[in-house]
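Okay, here's what each chain looks like letter by letter:
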Amino acid sequence: MPRLDRLPQISRNNLLTFPAQVNDTAPFVRPGKPLAGCRLAIVTTAGLHVRGDRPFTPGDQTYRVISSDTPTADIVQSHTSIGFDRVAIMRDINISFPIDRLRELVTRGELGGLASNCYSFMGAQREAARIESATGPEVGRRLAAEGVDVALITPT
Amino acid sequence: MLARALELTGISTTSISLVREHTEKVKPPRALYVPFPFGHALGRPDDPELQHRVLRAALGLLSEAAGPVLRDLPEDAEPGDQPPAPPQASGIKPAEQVPDDVAMETTQMRRYHERWLEKSSGRTLLGLTGIPATRFRGVVRFLEGFADGQDVDMAERPPEVPLPNFVRYCADDLKALYFEGHLAMKPAAGGEEIARWFWGETGAGRLLRRIRDRLDTSDDPRWKAAAFGIAR
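Protein sequences, first through last, are from chains A and B. Under our numbering, the first residue of the first sequence carries the number 1, and numbering increases by one thereafter. Under our numbering, the first residue of the second sequence carries the number 1001, and numbering increases by one thereafter.
Hints are supplied without guarantee of correctness; some may be wrong.
[Unchecked claim] Reference listing, derived: stretches of chain A covered by chain B, where coverage requires no fewer than 3 residues with Cβ under 8 Å from a Cβ of chain B:
hint : segment
1    : 14-24
2    : 99-107
[As the list claims (entries may be wrong)] Computed footprint of chain B on chain A; a stretch qualifies when at least three of its residues, placed anywhere within it, have a C-beta under 8 Å from a C-beta of chain B:
hint : segment
3    : 45-57
4    : 74-82
5    : 85-92
6    : 139-147
Hints in this document: simulated from the structure, not taken from any laboratory. Keep in mind it's a predicted model, so treat the numbers as computed, not measured. Backbone N, C-alpha and C define an ideal beta-carbon position, used for all residues, glycine too.
Let's have the full structure, built from the sequences with the hints guiding it.
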């Protein structure tokens, strides 16, 4: 992020008062193989979804499935907080959902492959208990069932 | 927090972080802090080389033996002249002369937006309401009635979508039409320039300020939340 002192006051206050969870340790699972053999899924918190799918609402803790072969022209964003510049994603979806870049890494042999599905959550969550206890683990189980080794988590 | 939940189900995760202060507290298993503005997680639009550098750094964390791991992207690449966050409507003074006929203005913007669609191979953020751009005059009339305090609705609003949420989606689709239309006219325009134009010089910008005012005077927190997301 931009330095806090360069942000508009409203954004700075939002960040300073954000009730971030405090943890001392983290769960840690080492991938069982090198990246060149791993299947990867993007899990984004940019509020993206397929056009026509149910838009997110503010504070929405559900998720949407985006099939990895969805044409990028069919992906829209209902996370439309005015705290970020949407022009970047209008120009290039890879700014939050780097699907083309990852395909290039697969072609070059640096990454094993893309998962059949990517997943999307809403951003700017001040309260995420349901994601932590229900929808997050549900996506984890779906990824495991789909043979995914690695998830890349991208924000807005 | 999402990363931790996924890791607990056995998936190895690596995250891109835009707010180092929060990431230090939450401690996802692996995170790469990047010094980019909100909306620019991978660095810069249409810059595959920078995006690859960010991706390689984030994926490289997967070979770490233990965690949590928080690393900084080894460079200070604030993209160009983009501000860390776009200016807010409240900080932009509207011009003295702003078009009165928003429906007409929207019809003109639609022509530019068609050029945008040709250039972008059909990619557009427009589509939250499901109403095609060809019928945006109706959206504008609905929004004008709403801003005037009338008891209006649209047949296209799905029954499960509350009215203030639908108003917000209409506002977001209208913004997408204008912002992308402007990009078709001025491909090099940045977010700040476009925000200043939209809130300062367009009839649609003025209409959305009025929508925000009506939503904001409500006692219903859902209406206030929608107001907050349209303009500040």
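Tell me, which hint numbers fail for this structure?
none
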